[in-house]
Amino acid sequence: MKVPLSWLREFVEITLAPPELAHLLTMAGLEIAELTYIGIEGAELVWDREKIVIASILEVKAHPNADRLVLAEVDYGYGEARPHTVVTGAPNLFPYRDQGRLAQPLKGVLAHEGVRLYDGHKEGNVITALKGRPVRGIMSDAMLCSEKELGISEEHEGIILLEPDAPQGMPAADLLGDVIFTIDLTPNLARCLSVIGIAREIAGLTDVPLRLPDPQVVMDGAPIAGRANVTLHEPELCPRFTLGLIEGVTLGPSPQWMQRRLRAIGMRPINVIVDISNYVMFEWGQPTHAFDADQVAEQHIIVRLAEAGETVVTLDAKERDLTPYHAHKPGPLLIADSRGPLGLAGIMGGASSEVGETTTRILFEAATWEPAQIRRTAQHFKLPSEASRRFERGVDIELPVIAQRRCLELMRNLAGGTVAQGLIDLYPVPRRPFVLDLPPGEVRRLLGIQLSAHQIADYLARLGYRTDVIGAIGIGDVAGIYGGALDPLTVRVAVPSFRLDVHGLADLCEDVARVHGYEQIPPTMMSDTLPYPQAHATLDLTQHIRDMLTGTGLSEVITYALLDMAAVARINPADAVAAAHVGLANAMSPEREYLRRSLLPTLLDALALNMQAQERTLIFEIGRVFLPRLAMPDDAASWLPDEPQRLGLALAGSRTPLGWHGADPAELDFFDLKGVIEVLLASIGLAAKVRYIPISTDPRLHPGRAAQLVLTDAPDGPPLGIFGELHPDVIERCSIQATRAAVAELDLDALLRLAAPQHYRPISRYPASLQDLAVIVDEATPAAQVTAMIRRGAGDLLEHLTLFDVYTGPQIGAGKRSLAYRLSFRSNERTLTDEALAKVRGKIVRLLETELGAGIRE
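In the numbering used here, the protein residues as written are 1 to 858.
It should be emphasised that the hints constitute simulated quantities derived from the structure, not laboratory data.
Backbone N, C-alpha and C define an ideal beta-carbon position, used for all residues, glycine too.
Misleading hints may appear alongside valid ones.
[Said to hold, decoys possible] 30 Å max Cα-Cα, derived BS3-like pairs, lysine-lysine: (1) Lys2 with Lys318; (2) Lys318 with Lys382; (3) Lys61 with Lys148; (4) Lys131 with Lys148.
[Said to hold, decoys possible] Cβ pair distances, simulated, as ranges: (5) Lys122 with Ala372: 45 to 51 Å; (6) Ile695 with Gly266: 56 to 62 Å; (7) His503 with Ser696: 47 to 53 Å; (8) Gly114 with Pro64: 25 to 31 Å; (9) His380 with Thr739: 24 to 30 Å; (10) Gln216 with Arg432: 27 to 33 Å; (11) Lys122 with Thr182: 20 to 26 Å; (12) Glu643 with Arg765: 45 to 51 Å; (13) His23 with Ile449: 16 to 22 Å; (14) Glu31 with His380: 28 to 34 Å; (15) Asn65 with Thr206: 55 to 61 Å; (16) His503 with Ile449: 21 to 27 Å; (17) Asn65 with Gln421: 56 to 62 Å; (18) Thr712 with Glu615: 36 to 42 Å.
Whenever a hint applies, use it, and build me the whole structure from the sequences.
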């Protein structure tokens, strides 16, 4: 957020130099990312105090030799007349051409020959020296400046026109010189998304009074009651809605002082009505919206949710489909009339009720909205705005009335018109006072500093809290709670409505620390030594699994444990049963209403998101799932759900990345995922203890490309996990930009429990012997069974085996397939002879023939 120092000074006295103020704010949590100086010391272009001054424009004459130029007669003398003629092509002076001596002289900024200015005709900030020269036969050795030439903004459509009372002859730097603070605000600092909010922080940190404006709007029109109406269908999503009415306004440009401030903070001036709305939003932090009252049916505003099939054309001229996102979430919140939508609440108005050149009657709206609803709508439509930025973080529920009065006051003064008496103010559930008792002992416990109750009360009062020092609170052993002797006094704190971020005593202590100064808190060394870290087998093994997977090329993700039924339905509609999930009693948003039973819904959301930006994604997650108990036990503590740990894997995209050597066009599939799982199992000593059994009944997975892991010794026991390629319907519902995607969900608790310690053997000094073995088996025989038989027959001499070919064809008969393996044999004690190898090979062949009915293909 950008804030001009001159605007801040309207509300608070500032004596600190800009760098000192920037340091103070940064240390208090408002990080100053940049200081931009304009015209004064510290700027790239410092305005000459003698040669860049305020001048009066007395008369504008036509240029005798050019239709697009005029002659401006100016006077820049301070206390004495110093007339001068300037040739200029500023279009905003053309309306005054050949009107004779102006009854009310215009005020501008005059620059004399020799000064350094930005070139207004070149891109970027190019500094040039002003030189006098004849312009179409008339000498001009001075210039009336635009904002771009002075470095105030990029505006170059006309010269700067100042207020009539701007002092003639004053150095421009004294009137227009400024410093722009660019502040990076964290989400909890929503109260600082306004000039007044930042001024309040400065007042509190420097212990000076805050000068809040008191809007004085003259309401001399007919009462608004009966002439406008509001129906609020969704009070939970719109806690407060206010509406004002002004008639007889004249649309035109806003005054120059307002335009300059809006440009300084990065807003483009549009017209007086829109500019007032934006100005008040940046001044107070309350977004507002103006409707052409004649375009609102019966001047009746309706706040409701969108219905299926509705559309609205927003102010950016785009038609937007307002159909609810899906069955489990409400659609966008609308401001509408009886004919249909007028705009997206809290985000952007609609074109049908836009204020235009013929507008004379305006309905002015100021409201507060439920933050999660605004955030969801803005993200859905990819439509962030300054208004949604504030509503997403929360707006003070007391601000709508203040902003209404301020907007109507400015509108009446700057656009004329008559303001209807009263406001429509729908406030179904007024805010209840929020009071906390803060003992000094709690400040001492959290901050490590000793402050009296009166000091704490003073610090908090500076930031806008109402405080009162009372006797000690009497709740239990206070000394035990706060780690010291009983404090005789306590600070009773009434939290103001604009402090939406304050929820408990720790938040109050943070504000005490900010005002006291973090740098004033002395460092405290530990009074004891750190204990020697104890090994934790389960945690160490879990970290080993993380390291192994990242080493294999996967990236770890951490997703929300909370989701909604729509996320579950995308994976398997039959699982989207609320009763089968652990629900939250007071969910903060519909998207975070239930605890997950599986890692896959949120893991696949992460996969889909990443595949939008890259050609391949390999991710994993280690996290807990939450399984409700089937029956409520007698012990209340046992009502909590089971929380087993799971390991989720997801792969999608091309098998190899694009490179100069070419890329494998094939996509990651079942076998790539199976390879990752095999490496994982081998790393924890389970490779020989697990079997893979094909499955075809899981609706989430592609039939024929899915399997489950079971223990070799207990094939009928509970599976250790499932893996496979996603069903094409699931890929489509999850919007994964890939033809194939492979996923796995493994029981991590079981894997950790079964993991065997790794026994490392020295590398053999003897050579390996390679042999190929082609085994003919029934097509229904899994390769895993063949592999197991080979390992069993070879014993310890088998170092490694690889399945490198699968063949079906007439040479081996119908219903058969040939599996070709490469076997690597090695002994740690001797070089293997042909006789020894033949003996091992014979044992393998006999096992295959007797156990699987296999044949050997020569």
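Verification of the hints:
| no. | hint | verdict |
| --- | --- | --- |
| 1 | Lys2 with Lys318 | holds, 29 Å |
| 2 | Lys318 with Lys382 | holds, 12 Å |
| 3 | Lys61 with Lys148 | holds, 24 Å |
| 4 | Lys131 with Lys148 | holds, 18 Å |
| 5 | Lys122 with Ala372: 45 to 51 Å | holds, 47 Å |
| 6 | Ile695 with Gly266: 56 to 62 Å | holds, 57 Å |
| 7 | His503 with Ser696: 47 to 53 Å | holds, 51 Å |
| 8 | Gly114 with Pro64: 25 to 31 Å | holds, 27 Å |
| 9 | His380 with Thr739: 24 to 30 Å | holds, 27 Å |
| 10 | Gln216 with Arg432: 27 to 33 Å | holds, 30 Å |
| 11 | Lys122 with Thr182: 20 to 26 Å | holds, 25 Å |
| 12 | Glu643 with Arg765: 45 to 51 Å | holds, 50 Å |
| 13 | His23 with Ile449: 16 to 22 Å | holds, 21 Å |
| 14 | Glu31 with His380: 28 to 34 Å | holds, 30 Å |
| 15 | Asn65 with Thr206: 55 to 61 Å | holds, 58 Å |
| 16 | His503 with Ile449: 21 to 27 Å | holds, 22 Å |
| 17 | Asn65 with Gln421: 56 to 62 Å | holds, 58 Å |
| 18 | Thr712 with Glu615: 36 to 42 Å | holds, 38 Å |
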